[in-house]
Amino acid sequence: YCFAISLRFWCVDQAEQFFRSGHTNNWAVLVCTSRFWFNYRHVANTLSVYRSVKRLGIPDSHIVLMLADDMACNPRNPKPATVFSHKNMELNVYGDDVEVDYRSYEVTVENFLRVLTGRIPPSTPRSKRLLSDDRSNILIYMTGHGGNGFLKFQDSEEITNIELADAFEQMWQKRRYNELLFIIDTCQGASMYERFYSPNIMALASSQVGEDSLSHQPDPAIGVHLMDRYTFYVLEFLEEINPASQTNMNDLFQVCPKSLCVSTPGHRTDLFQRDPKNVLITDFFGSVRKVEITTETINLQQGSEIMESSYKEDQMDEELMEPLKYAEQLPVAQIIHQKPKLKDWHPPGGFILGLWALIIMVFFKTYGIKHMKFIF
Amino acid sequence: MLDEPQEQAEGSLTVYVISEHSSLLPQDMMSYIGPKRTAVVRGIMHREAFNIIGRRIVQVAQAMSLTEDVLAAALADHLPEDKWSAEKRRPLKSSLGYEITFSLLNPDPKSHDVHWDIEGAVRRYVQPFLNALSAAGNFSVDSQILYYAMLGVNPRFDSASSSYYLDMHNLPHVINPVESRLGSSAASLYPVLNFLLYVPELAHSPLYIQDKDGAPVATNAFHSPRWGGIMVYNVDSKTYNASVLPVRVKVDMVRVMEVFLAQLRLLFGIAQPQVPPKCLLSGPKSEGLMTWELDRLLWARSVENLATATTTLTSLAQLLGKISNIVIKDDVASEVYRAVAAVQKSAEELASGHLASAFVASQEAVTSSERAFFDPLLPVSLCGMDCLFFCPISQHSTLMH
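Line order of the protein sequences matches chains H and B.
So for the first sequence, the numbering used here puts the first residue at 14; every next one is plus one.
So for the second sequence, the numbering used here puts the first residue at 17; every next one is plus one.
To be clear, the hints were calculated from the coordinates, so they are not data collected in a lab.
All values derive from a computational prediction rather than experimental measurement.
Cβ atoms here follow ideal geometry from the backbone N, Cα and C, with glycine treated the same way.
Possibly wrong hints are sitting among the right ones.
The list that follows gives simulated cross-link-like pairs (lysine-lysine, DSS-like), each with its CA atoms no further than 30 Å apart [unchecked claim]:
| hint | chain 1 | residue 1 | chain 2 | residue 2 |
| --- | --- | --- | --- | --- |
| 1 | B | Lys361 | B | Lys52 |
| 2 | B | Lys254 | B | Lys109 |
| 3 | B | Lys109 | B | Lys52 |
| 4 | B | Lys52 | H | Lys290 |
| 5 | B | Lys338 | H | Lys165 |
| 6 | H | Lys141 | B | Lys52 |
Residues on chain B that point at chain H, a partial pick, calculated with CB under 8 Å [as the list claims (entries may be wrong)]:
| hint | residue |
| --- | --- |
| 7 | Arg172 |
| 8 | Phe173 |
| 9 | Asp174 |
| 10 | Ala176 |
| 11 | Leu187 |
| 12 | His189 |
| 13 | Leu218 |
| 14 | Pro222 |
| 15 | Leu223 |
| 16 | Ile225 |
| 17 | Ala231 |
| 18 | Pro232 |
| 19 | Thr235 |
| 20 | Ala237 |
| 21 | Glu274 |
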């Protein structure tokens with residue numbers, strides 16, 4: 014019985030070790046790329062994720078929310094100042110304290126990429142910046158209308174998967190993130206994460222290439238579809254999570270199987286260093302701080318000097334205290350009757366030359382012939 | 017102990033070697049590290065005297081200056097290392113300035129009428145510390161009082177000591193509900209350090225923080241890397257006797273500042289030095305910081321700045337190399353030249369031991385390289401030939417293939 018308990022405590026400690034990630038703060042960038050009344054569900058998607066992320070602890074100062082924001086006060090909205098995510102109007106995700114950072118026509122591809130890369134005019138207010146550092150875990154959620162390799166922004170421009178991958182690479186070069194979780198809910202969403210090549214990125218999408226992501230449920234009173242299926246089930250999953258949850262990413266991958274979603278959700282973890290089963294949901298969706306107990310104080314009383322003494326033994330001093338001795342001479346008799354030494358083995362002469370030739374060939378093949386001009 | 021010589025330059029060190037039987041040091045102590053860039057090493061009469069004394073001097077010098085782990089911590093995000101180490105994760109990144117905010121949280125003003133002489137405490141204790149650190153950046157200090165600000169976590173009652181406690185697992189969840197009310201970080205772009213003093217409500221008094229073994233923590237405080245610290249201040253139970261609510265509480269600022277300054281040191285990455293064997297280490301003077309600790313910080317920061325500046329310039333070069341023909345404005349080009357010159361100057365100054373000018377040059381290198389990299393007029397997206405038609409081209413650059 015005691016053995017079982019001690020084993021359990023040891024296992025919990027091991028688990029603590031594994032679950033600890035290297036981040037000290039969390040950010041979220043939530044983007045809804047659509048406008049117009051009939052795209053109500055995209056706004057509801059984004060606001061639902063915004064609500065969950067705030068509930069789990071990420072403050073508004075660490076959330077960059079980009080919305081067209083033309084739903085709540087749209088003349089066609091029968092319930093003004095609300096955005097519902099569930100039929101029968103159970104959940105108003107617009108709420109009282111939503112803070113939209115980029116609204117209406119400010120939601121453009123250029124602004125989105127500027128937010129990610131940090132290449133922002135100096136006059137931009139703090140709330141519109143992603144001030145992440147090398148210890149930030151960032152959640153990026155995008156929703157809207159997409160195609161194979163692109164995502165539409167407000168029906169007037171597109172962002173391609175290559176641009177997105179390059180933007181993430183620029184973020185990595187400047188160490189603007191520790192780990193990144195990318196979630197996309199659009200048609201053919203998986204095409205948007207195909208081109209990522211920077212480390213520490215995990216991606217989820219609502220559908221594969223060639224599939225459409227479907228909407229969930231229309232509401233007869235409001236007259237439009239309220240949410241997309243994938244985000245609806247993700248939201249249901251997130252409602253079960255609280256800041257102390259130990260649920261991990263593998264559970265998130267199981268959300269919305271084909272039977273419920275009709276499309277096949279996909280995910281990509283090859284660029285991610287940690288095993289998904291060791292990654293907590295709250296590592297990205299919440300903001301659990303690392304804390305340490307303060308054990309030291311400074312003595313501010315006047316006139317006292319704390320002295321710290323180290324009584325460590327100094328081994329090296331002891332060694333040098335021994336008297337010096339001369340090394341033993343090798344007796345002559347032994348030298349004369351020594352056996353002949355074996356010659357050292359060298360690889361055949363041509364081998365080394367061949368090896369270097371191979372290395373140079375591989376080098377030029379990888380980096381291109383243009384570097385030859387530096388040699389010759 | 018010793019008469020201090022004239023003020024030493026940053027990065028310099030004076031070591032006095034005394035005779036073997038001198039009584040300046042206690043008999044069993046071989047060396048002493050003072051608070052202001054001076055050290056004393058005991059000599060020895062021995063055949064190997066030079067080696068032994070030389071080794072002792074090197075040990076003392078290493079304790080007071082740069083060692084491998086200080087360098088490793090400074091370059092933490094550029095090396096493939098283990099991210100789990102708390103020492104390497106804790107310090108703030110190098111920045112031109114910092115904002116320090118002291119907040120008093122009073123959730124129960126009906127019971128406690130709390131007064132704290134924060135201005136006096138800042139003037140007497142914090143400002144000297146920050147002045148000692150002034151070479152490392154610009155500091156601005158502000159303070160506020162928040163009423164009805166709860167911790168967000170319900171403490172548990174311990175009947176054995178009839179007090180309330182928060183154990184280690186609850187502490188991470190304390191910070192978030194409070195943070196949105198702190199209101200800091202609205203104005204400046206510098207990193208902010210928050211120090212909160214929490215006076216628990218009458219219903220939850222006294223409140224103690226327990227460590228993982230269940231014992232109450234002596235300082236009753238905890239800190240979070242790159243964010244700040246929180247201390248719980250319990251009102252003395254004697255003040256409640258025969259008093260009408262609210263009771264007047266005058267906060268003992270000395271006790272509070274002792275903890276806050278210790279947390280500030282930890283958050284800045286001023287670590288405990290590796291004291292060599294048989295060495296006596298002097299405590300810091302009243303500022304709370306020994307001058308050679310500042311030197312260690314400046315060395316680490318200079319190295320970190322140089323690494324950041326060179327990575328930024330390399331990334332910028334790679335970025336621009338992907339676009340075969342690009343028109344760059346003159347400002348960007350001049351910032352790049354300035355950054356490269358500053359990196360070279362800083363490296364030279366470091367090699368010759370002029371720490372102060374090396375640090376300033378490294379800061380210039382970072383500022384110039386960041387200004388060049390983050391210039392808003394550089395193209396934001398890099399498109400290859402294949403997405404030419406889908407590429408939203410920023411109107412300030414010309415892309416020619």
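Consistency of the hints with the structure:
{"no.": "1", "hint": "Lys361/B with Lys52/B", "verdict": "holds, 27 Å"}
{"no.": "2", "hint": "Lys254/B with Lys109/B", "verdict": "violated, 44 Å"}
{"no.": "3", "hint": "Lys109/B with Lys52/B", "verdict": "holds, 26 Å"}
{"no.": "4", "hint": "Lys52/B with Lys290/H", "verdict": "violated, 51 Å"}
{"no.": "5", "hint": "Lys338/B with Lys165/H", "verdict": "holds, 25 Å"}
{"no.": "6", "hint": "Lys141/H with Lys52/B", "verdict": "violated, 45 Å"}
{"no.": "7", "hint": "Arg172", "verdict": "violated, 15 Å"}
{"no.": "8", "hint": "Phe173", "verdict": "violated, 20 Å"}
{"no.": "9", "hint": "Asp174", "verdict": "violated, 17 Å"}
{"no.": "10", "hint": "Ala176", "verdict": "violated, 21 Å"}
{"no.": "11", "hint": "Leu187", "verdict": "holds, 5 Å"}
{"no.": "12", "hint": "His189", "verdict": "holds, 5 Å"}
{"no.": "13", "hint": "Leu218", "verdict": "violated, 25 Å"}
{"no.": "14", "hint": "Pro222", "verdict": "violated, 18 Å"}
{"no.": "15", "hint": "Leu223", "verdict": "violated, 15 Å"}
{"no.": "16", "hint": "Ile225", "verdict": "holds, 7 Å"}
{"no.": "17", "hint": "Ala231", "verdict": "violated, 10 Å"}
{"no.": "18", "hint": "Pro232", "verdict": "violated, 11 Å"}
{"no.": "19", "hint": "Thr235", "verdict": "holds, 5 Å"}
{"no.": "20", "hint": "Ala237", "verdict": "holds, 4 Å"}
{"no.": "21", "hint": "Glu274", "verdict": "holds, 4 Å"}
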